[in-house]
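*Asks:* Chain B: place on chain A using the hints.
Chains as they are written, first to last, in my numbering: chain A, 401 to 867; chain B, 401 to 867.
Calculated from the structure, these hints are not laboratory results. Quick caveat: nothing in here was measured; it's all calculated off a predicted structure. A few of these clues could be false.
[Stated by the list, open to error] Distance ranges between label pairs, derived from CB positions:
{"id": "1", "chain 1": "A", "residue 1": "R713", "chain 2": "B", "residue 2": "I617", "range": "26 to 34 Å"}
{"id": "2", "chain 1": "A", "residue 1": "K729", "chain 2": "B", "residue 2": "G852", "range": "32 to 40 Å"}
{"id": "3", "chain 1": "A", "residue 1": "T671", "chain 2": "B", "residue 2": "G852", "range": "57 to 65 Å"}
[Said to hold, decoys possible] Pairs of lysine-lysine, BS3-like flavour, derived with a Cα cap of 30 Å:
{"id": "4", "chain 1": "A", "residue 1": "K592", "chain 2": "B", "residue 2": "K731"}
{"id": "5", "chain 1": "A", "residue 1": "K448", "chain 2": "B", "residue 2": "K706"}
{"id": "6", "chain 1": "B", "residue 1": "K706", "chain 2": "A", "residue 2": "K592"}
{"id": "7", "chain 1": "B", "residue 1": "K820", "chain 2": "B", "residue 2": "K426"}
{"id": "8", "chain 1": "A", "residue 1": "K706", "chain 2": "B", "residue 2": "K441"}
{"id": "9", "chain 1": "A", "residue 1": "K856", "chain 2": "B", "residue 2": "K723"}
{"id": "10", "chain 1": "A", "residue 1": "K448", "chain 2": "B", "residue 2": "K731"}
[Unchecked claim] Stretches of chain B that chain A covers, calculated by requiring three or more beta carbons in the stretch to come under 8 Å of a beta carbon on chain A:
{"id": "11", "region": "643-652"}
{"id": "12", "region": "691-700"}
{"id": "13", "region": "781-791"}
{"id": "14", "region": "824-833"}
All C-beta atoms in this analysis are idealised placements derived from N, C-alpha and C, irrespective of residue type, glycine included.
There are 2 protein chains.
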Amino acid sequence: MDNETFRRYGHEFVDWLADYFENVEKYPVKPGLTPGDILSKIPLSPPKTGEDMDHIFKDFKEVIMPGITHWQHPGWFAYFPANNSPPSVLAEMLTAGLGAQCMIWQTSPAAAELEERMMEWLRDMIGLPSGMAGVIQDTASTATLCALLTAREVKTDFRTNEEGNSGDLRVYASAETHSSIEKGVKIAGYGKENLVYIDTDENFAMIPSLLEEAIDIDIKNGKIPACVVGTLGTTSSMGMDPLEEIGSICQKYNIWLHVDAAYAGTAALVTEFRGFMKGAEMADSFVFNPHKWMLTNFDCSAYFVKDAAALIRTFEIHPEYLKTTTDHKVKNYRDWGIQLGRRFRALKLWFVIRSYGLEGLQQMVKNHVNLTRQFRELLESDTRLEILAPVQLTLVCFRYNPGGMAEETLSEVNRKLLEKVNASGEVFLTHTSLKGRYAIRLSVGQRNTGIGQINKAWELISQHAGD
Amino acid sequence: MDNETFRRYGHEFVDWLADYFENVEKYPVKPGLTPGDILSKIPLSPPKTGEDMDHIFKDFKEVIMPGITHWQHPGWFAYFPANNSPPSVLAEMLTAGLGAQCMIWQTSPAAAELEERMMEWLRDMIGLPSGMAGVIQDTASTATLCALLTAREVKTDFRTNEEGNSGDLRVYASAETHSSIEKGVKIAGYGKENLVYIDTDENFAMIPSLLEEAIDIDIKNGKIPACVVGTLGTTSSMGMDPLEEIGSICQKYNIWLHVDAAYAGTAALVTEFRGFMKGAEMADSFVFNPHKWMLTNFDCSAYFVKDAAALIRTFEIHPEYLKTTTDHKVKNYRDWGIQLGRRFRALKLWFVIRSYGLEGLQQMVKNHVNLTRQFRELLESDTRLEILAPVQLTLVCFRYNPGGMAEETLSEVNRKLLEKVNASGEVFLTHTSLKGRYAIRLSVGQRNTGIGQINKAWELISQHAGD
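Just chain A, same shape as in the assembly:
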């Protein structure tokens, strides 16, 4: 494809995208498909000779689009938000066009230095200590894995990298922690048996006294406490672990404290919502995802550490073909994580933060929190609906419970309710389990979600609850 053809289709695609942003609400949030529907429409073999873009773009619209789940639909209340924004998409266009590989400073100095500054901006914006240094990771799963690995090395004086795992290192997290902790514990070779789940209180927050008990028992049994993962905003219910108390325990026992604030971290942009961050200054590492709730295209996960040298020492490798004369003066981010290859991801952060300004981003957060409160009030007005967890920030967990139903029946009834609500195509909510109870989750965070979608969700729930 020559440059003029690119120019022509580029313009066509921009118009299509602008129309998509304008009309996304007209699509069903979640497509009504059965597995294999799309696959059956894609040929078994690649074409021998090139096809023209008219044909490919037509297939995109006719074959792919009917199978897209619309994360940018204003009726998106499922899982967590992954909101993008026009300035972020514009930046992604430039990133794709430049096609720069940002593994080390020399392979794109502007990318490395912009990343450094953007991480400083973000750190200050959410109130983390000024001594922390940051790096962009792809996901919180990866960032948490980096934390578990660094904790492992620090605790063993960097011997595990050399000698392998001892099998005695222990990791602690709340029973409500994200699945990526278990995954990371396995990958890093701790062994799942060495992941200790600490019970939570009625607010789904870790109980610090139980954490300390578990640590004491482990030490008595010759185990080595290496890492505690505190969660700010659990996936199921937005539970907030009490970091101040957990941090004190970590300091007392010299344990690495990693904080997973993947979704909720964005709320810390607003001072009045920042209460949950109390104690975050004790974290050795901290992750939050601008790609979730800060208008920045996936992937962009912000990972902060107090001791960057420990992080680098965990990952650095110095093959001859990657050595440069500036190595001692610059940040080579390939040593700050797992992957060698890295995209120019700082650019979209720069575009987003500058386009909206701090106040614009704060306004978005306030708006979503406000909408969530309005949804909660609607729920509270109907005695058939039961709220199952404290409503924090932008997540409401609830179920239909008219009274007199057995737990099992309640699960089944609510599963059906959720199905009916989602079948509308106008909203999409998901579910979880809270202390054994089936809960419907409504998570607010899509950029264009407004009171109209909140009312629509309520209307559908209210109507089908009566069926």
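*Replies:* Only chain B this time, still in chain A's reference frame:
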């Protein structure tokens, strides 16, 4: 930013990108900057209120662009190619605009099913066995880590995930293997001491008899051979490990064979160049990067496995909030790797393969191999230049060696030669070390590289060699 503003800037950006593709050769390949130059131009704090896109785009052009290393410059001969293409950039625009999170089938059925089919296309295109299943990873580093983890679990009957590493598992790779192997071995908790480097022959290929010796010694010492990493196209010199012999050894001792063909894999598109793949059918896992040399924007690393069930069993996690009614019928790719969150990366592969067709991609490979041969002939015509490794596919390793210089002087002279050649801004080459000798590397693979750039590189080398 409203949709109409997006539309306006979208068009402006498309024109800028088309102009960039047209004029990229006018930029210096590598900027002449000192560390901190860009950083000093970016404010210490984010703006309070939003700025308009005119201002941001102006800064992009004036602050960021002077600090970009131009990987898409036709004078790019450094490291490895990371070539993109107009259809790939167009697809990235759509991926960014849709902003779909492709962690499981339900969160984007079209993405999951297109990924499945694209991996089948790629597998067939490079001649891997039809039984292999594929998944897109971000990088070969990650894919190799997945291989090391699966090998670890298979060898310990999935007990390491539960109990942690034993410290007895061994990994083998050639002395010329990529640094990501060491990194992965550390991350997975094997311990670097358990990574055994096998010496290479004069072609920088692993010597199979030494591999078998090392395995025998390890077994005698109570160690457990778990994984052999074979490389097709080493980073330093494009060395090709003899997979047939290595594969037989792996089968004899029941060891997982992972093949890293990150760069060279693309050459297997052309049947006449596919000789190096002999034995690849014995691999348990295989990785190559369409984002290197197949016109597909980073990131897009194709990872293939024979036993997908083992891969999934290594990574799967089933939290309640991710369960869906279709789980048993579909591919949920979050269980095929480390990250939970995933971008819609299959789309760009679909656009690229269809736009160029198999023959168009083959033509690109042939063209680059041909240009490399022409460069080799130029080198061979000058007795002052010495070729330091067999020229395979698209990589030439050489040095200036007029005779009579000590090794140390030669290193210094060639370091200076490389510096002078790169200072031209017209080409960019990098270096490596081959059996202790400093080598300049010229790697051909940028989409628009032609005989003009080959001649220019030669002219600069030839001229400065005389200095």
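*Asks:* Could you work out which earlier hints the structure fails to respect and list their numbers in ascending sequence?
*Replies:* 11, 13
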